[in-house]
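A.B. asks: Can you make the complete structure from the sequences, with help from the hints?
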Amino acid sequence: MGVYAGRFYAKHVGEDVDACYWTLRRKAMLYDVPERPVEINGPDAVPFMERIFSRRVGDLKLGRGRYAIACAHHGGLFIDGVLFRLDENRFWYVQPDGALETWLLAHAEGFNVTVTDPKSRVLQIQGPASFAILQDLTDGEVTEKMGYFHSGFFSIAGQDVYVSRTGWTGEIGYEIYTQAKTDPDALWARVISAGSPHGMKFGSVASMGIRRIEAGILDSGTDFDLTTNPWEAGLGAFVELDGADFIGRKALLKAPRARRLFGLTCPEAPRDGHVILDEAGVVGHVTVGAKSPFLGKGIGYARMSKAGDWIGRELEVRSDTGALMPCTITDLPFYDPDKRIPRGLDRTIP
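In case it helps, this note's numbering puts the sequence shown at residues 1 to 350.
You may find that some hints are simply not true.
Calculated lysine-lysine pairs in the PhoX-like style (CA-CA distance at most 20 Å, straight line) [as the list claims (entries may be wrong)]:
id, residue 1, residue 2
1, Lys306, Lys254
2, Lys145, Lys339
3, Lys201, Lys11
4, Lys201, Lys27
5, Lys11, Lys291
6, Lys145, Lys61
7, Lys119, Lys181
8, Lys339, Lys27
Restraint-style ranges between C-beta atoms, simulated for each label pair [to be verified]:
id, residue 1, residue 2, range
9, His107, Lys306, 23 to 33 Å
10, Ser319, Gly140, 47 to 57 Å
11, Pro47, His73, 13 to 23 Å
These aren't lab readings, by the way, just hints derived from the structure by calculation.
From the three backbone atoms N, C-alpha and C, an ideal C-beta is built for every residue, glycine too.
C.D. replies: Quick look at the structure:
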């Protein structure tokens, strides 16, 4: 077991991780994930969040989601997540690990908002069969019109849940958010009964972790932290300096904009903490790594000590035991840069 966002989660449940990976790519996987929504509600919700996050919120449509990052005053990355607009002045920000709720409360003075925990738990159904499963679960209410990052309330197993077409896998998929009062056993049984005919399996986050690396999805606190600015992490597209005066904006106006986070490939899986070397010495470290069943090689993220022309460089990874392994620095993601798979535009089954 592990703890993430203040919640327990299963690191492994005895499954064949590679088999679950291929089920994710070819059918569907069900994941019980520890991500946690935080609710921001009130007349000042929009200006408050435009103070917190580095991109506009006021133009976010009802029933839509948007990836958003928050920075500290010095411009370092504090947290990332997805913001959903549930009503005119009611939002959920689905956070990873981190003290977001405390951060919001610390900056809420002067804004007519409330920051609360909606007590929502989250399931992800990911993979090419996920749409058919959601159609069954919602008696056809989820349709093809529900596009990428669209969301809304639906009834599953006789209870209201919030459903978004999002996920953490780079596959087409959906997330189901419960309300504070829910019947988890009934919901779980209904999801299993709907998914089983489509070949859906349940697994830990292990197979999800491989796929998220392939897709270039970052994990707050693992791949970036307060010492990394958005451009260094490759997230500069989500910074709107011409918008509101968000926390960290003044520092980011003067911040370096060269990337320091890249992909890397190796013969075998690199591991977090392994150092990366060139002929002169240490030039970076691995933040996360895995063996990709699809690519047939080890993959991971390389956080370089300084900006530079790293893509294509042939370097070495040194393990904790001192063993050396050749690696190549690459761009992210490793494939599907236009996100055609999660958008439903590429339905090729590998």
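A.B. asks: If a hint holds in the structure, say so; if it does not, say that too.
C.D. replies: Going down the list of hints, with the structure as the test:
1. Lys306 to Lys254: This hinted pair holds, its Cα atoms lying about 17 Å apart.
2. Lys145 to Lys339: holds, 18 Å
3. Lys201 to Lys11: holds, 16 Å
4. Lys201 to Lys27: holds, 9 Å
5. Lys11 to Lys291: Holds. Lys11 to Lys291 sits at ~17 Å (cutoff 20 Å).
6. Lys145 to Lys61: Given pair Lys145, Lys61 holds - Cα atoms ~15 Å apart, limit 20 Å.
7. Lys119 to Lys181: holds, 8 Å
8. Lys339 to Lys27: Distance of about 18 Å is within 20 Å: holds.
9. His107 to Lys306: 23 to 33 Å: holds, 32 Å
10. Ser319 to Gly140: 47 to 57 Å: holds, 52 Å
11. Pro47 to His73: 13 to 23 Å: For Pro47 and His73 the Cβ distance comes to about 18 Å; the hint holds.
Taken one by one, the earlier hints all hold for this structure without exception.
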